[in-house]
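This is what each chain is made of:
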Amino acid sequence: VQQGFLNEHGLQCGFCTPGVMMTARALLDRNPDPSPEEIREAISGNLCRCTGYENIVRSVRWAAEHPAVTA
Amino acid sequence: MTTVEEATVGFGRRHRKEDARFLRGRGNYIDDIVLPGMLHGAVLRSPYAHARIVSIDTSAAEAHPKVKAVITGALLETLKLAWMPSLSHDVVAVLATDKVRYHGQEVAFVVADDRYSARDALELIEVEYDPLPPVIDAKRALDPDAPVIRDDIEGKADNHIFDWDAGDKAATDAAFASAEVVVEQDILYPRVHPAPMETCGSIADMDKVTGKLTIYCNTQAPHAHRTLYAIVAGLPEQKIRVLSPDIGGGFGNKVGIYPGYVLSVVGSIVTGKPVKWVEDRSENLMSTSFARDYHMKTAIAATREGKILALKVDVLADHGAFNNTAQPTKFPAGFFHIFTGSYDYPAAHCHVTGVYTNKAPGGVAYACSFRITEAVYAVERIVDCLADELHMDPAELRMKNLLRPEQFPYTTPTGWEYDSGDYPRALRTAMDLAGYEELRREQASKRERGELMGIGVSFFTEGVGAGPRKHMDILGLGMADGAEVRVHPTGKAVVRLSVQSQGQGHETTFAQIVSHVTGIPSEDIEVVHGDTDNTPFGLGTYGSRSTPVSGGAVAVASQRVVDKAKIVAAAMMEISPDDLEFDNGTFSVKGDPGSAKTIQEVALAAHGALELPEGVEGHLDAACVYNPPNLTYPFGAYICVVDVDRGTGEVRVRRFVAVDDCGPRINPTIVEGQIHGGLADGIGMALTEVIAFDADGNCLGGSFMEYQLPTSMECPSWELGETVTPSPHHPIGVKGVGESATVGSPAAVVNAVLDALKPFGVRHADMPFTPAQVWCTMQGRPLRTDLAISD
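These protein sequence lines are chains P and A, in that order.
If you're matching positions, the first sequence starts at 24 in the working numbering and goes up one per residue.
If you're matching positions, the second sequence starts at 45 in the working numbering and goes up one per residue.
Since the hints were derived computationally from the structure, they do not count as laboratory data.
All C-beta atoms, glycine included, are put in the ideal place defined by N, C-alpha and C.
There are no misleading hints in this set.
Straight-line alpha carbon distances no greater than 25 Å define the calculated SDA-like cross-link-like pairs of lysine to any residue that follow:
(1) A:Lys-61 x P:Trp-85
(2) A:Lys-61 x P:Gln-26
(3) A:Lys-61 x P:Glu-88
(4) A:Lys-252 x A:Glu-106
Estimated spans, in silico, between C-beta atoms of each pair:
(5) A:Pro-637 x P:Pro-55: 51 to 61 Å
(6) P:Pro-41 x A:Asp-158: 16 to 26 Å
(7) P:Glu-61 x A:Arg-163: 35 to 45 Å
(8) P:Glu-64 x A:Val-135: 44 to 54 Å
(9) P:Met-45 x A:Ser-761: 22 to 32 Å
(10) P:Met-45 x A:Asp-623: 56 to 66 Å
(11) A:Pro-129 x P:Asn-54: 53 to 63 Å
(12) A:Ala-104 x P:Glu-61: 50 to 60 Å
(13) A:Arg-469 x P:Pro-90: 41 to 51 Å
(14) P:Glu-64 x A:Pro-188: 52 to 62 Å
Build out the structure end to end from the sequences listed, making use of the hints.
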């Protein structure tokens with residue numbers, strides 16, 4: 024997830040980022056291959072004022088496409 | 045979206061240097077900083093919008109076992125600190141002494157061992173108020189019988205702040221008098237708030253032995269703050285150090301000096317301990333710099349064929365209880381007089397009247413480029429109203445009137461000199477990306493079925509990178525910024541900046557600028573900012589000025605480093621510098637690429653024992669103070685597609701196409717991220733965000749339950765395009781982009797919503813288009829969105 028956020032520029036000021044990444048991790052734990060719509064639904068409780076959310080969605084998708092080697 | 049790093053030298057997509065700490069939870073924000081012995085402050089705020097203070101009893105609070113100090117306006121008066129200068133030739137109360145002038149104003153400050161005790165002790169302070177009638181509706185502020193808010197100003201008998209004009213009134217009136225078509229519309233840009241995720245805060249640490257005051261503060265402008273503290277508190281400037289840590293978003297909210305910052309300083313002086321003050325969400329929304337609040341009576345004159353002839357705007361500007369807008373001194377309405385927009389016509393005039401109301405002060409914040417947001421909204425809305433009057437397609441009307449590329453540099457009717465642009469190409473690019481004609485066909489068939497779909501177009505010209513010091517200063521401080529570049533003996537480098545990132549990625553972008561000029565890989569370049577003891581002076585980051593101004597300073601300083609390195613390289617190779625060429629970090633003899641010296645080798649030699657030519661000092665460094673010759677003028681074309689639910693009034697943004705031209709893109713990934721964020725702002729302002737007031741002056745936007753930011757569910761997947769028109773006067777051609785999307789997008793969303801509502805015969809209604817506002821607009825009775833008062 025962290026690598027996804029780095030690669031896809033899923034953060035700017037970084038203030039909301041830990042919370043968003045934890046939400047993303049929880050989502051991926053219950054749904055390893057979420058659609059962009061499912062990601063948006065999952066992170067809809069996290070406010071971000073910088074990114075306009077698009078790159079957060081892409082970051083979570085990246086993480087889904089690159090599952091961690093050790094779970 | 046590429047995820048690959050394209051290059052280590054120069055411009056291109058690069059991962060951000062700062063992300064390494066943010067992704068590990070190692071960001072260092074103001075509330076993360078803990079100093080030994082640190083105390084905590086809390087502010088008591090006014091429950092009234094307008095009331096005389098009869099008495100304040102702090103004895104119970106002082107008796108609280110964990111309270112170390114209680115500070116009131118009366119105490120500050122003895123220190124001559126009860127009032128501080130505003131950023132617009134007014135004063136601001138640090139703590140109220142005579143009366144409170146807005147809901148949420150600072151009344152007292154408690155310093156305690158911990159934050160909870162400080163908050164608890166606020167409840168123990170007894171304040172007796174004598175409520176006064178408030179001025180809430182800006183349109184009533186100048187009524188003869190309106191209560192006078194600023195009776196602290198000697199001889200003040202009304203709520204008038206200023207009148208200001210730009211453009212040629214006679215020529216504009218003449219154009220209107222003879223025009224075939226005139227369209228008028230009252231347009232409100234309601235009060236909104238930048239609402240960064242991190243609220244404002246500071247820690248003041250007065251060392252009574254050395255007399256040095258260290259202030260940690262999440263300010264966008266650390267150097268300007270230091271100078272203002274020196275002026276406000278009478279402290280010697282060399283004894284003040286302002287440290288700006290990681291900032292959790294700013295958007296203009298963190299430019300000014302708030303009473304809480306000054307109070308943490310006073311608290312530290314009084315207690316001899318570091319004092320931290322961090323506001324909560326409601327305090328941030330209710331008391332810190334709001335944005336907009338412009339009532340714009342707008343009129344456009346045109347021919348029947350749709351050629352625009354003239355534009356005029358009469359603005360009523362609600363500045364709140366103190367005139368504390370942050371903008372260059374000569375411009376009381378900021379850069380609003382750029383309202384002529386992106387179109388070619390000869391006559392324009394604006395008149396702006398500023399008034400006091402019983403609301404929080406501010407006015408220039410939230411990525412507005414000194415009120416260009418309001419200006420772009422006014423012109424882009426009235427152009428749509430004209431299209432409606434003429435039964436013309438709004439994109440076609442714009443295309444017909446856009447400035448043409450051969451007209452640049454173009455001097456506008458109000459005196460701006462736009463540097464460069466190809467506007468029709470940007471609009472065509474956006475229309476192609478959106479599939480504009482197909483969208484119109486889809487809309488036509490949906491309308492036949494009674495479905496509400498809207499397509500909104502906006503075109504904007506921004507003016508950023510303030511600014512030429514001859515014309516632009518803040519409290520007498522010219523808007524030029526310094527930068528220092530130093531190459532170490534091993535060829536690694538450090539660049540020191542006056543500007544301060546709030547998430548924009550300065551540590552990456554500015555390293556890339558140095559890299560672009562010197563050829564040193566950007567990972568070898570450290571960016572230092574946010575520490576007034578270790579960076580050159582400059583006015584900070586707002587108005588999208590970092591890359592246009594400090595980027596210019598860094599580029600020029602980097603070039604000076606290269607020029608110096610060339611002399612050293614020539615000495616190393618025992619030839620004339622004129623025989624050397626420089627490319628990608630390597631000096632070589634013209635025509636003999638094998639004879640190369642890298643800039644890293646030159647750096648070592650510059651620090652070594654090499655005999656240097658007469659007049660050349662050792663080491664490899666350079667500085668620059670960049671005084672911009674002009675603003676830069678980014679521009680763009682935006683198209684928004686919405687669907688409106690006829691039953692609920694809910695607006696769904698289906699698509700958003702944004703074509704931006706900010707000149708060459710230093711790091712395209714970062715630029716795209718900036719644009720994404722600004723587009724979300726536009727959706728927020730157009731659909732949900734507003735700071736409204738009730739009849740008693742209570743702020744109705746004091747929490748995220750009422751002040752609703754867009755979430756991932758309201759934002760579509762942004763569709764970006766670009767054109768690239770370099771600025772001819774900037775050292776590396778870049779124009780700045782931080783606020784472009786916030787400036788350009790609200791009009792596109794609103795134009796789309798009103799386009800969807802066209803079957804109801806409504807030409808205009810004010811944002812935000814909440815379901816309630818959409819519903820009322822459908823009934824032909826749009827609401828006044830800034831007040832919860834029935835007229």
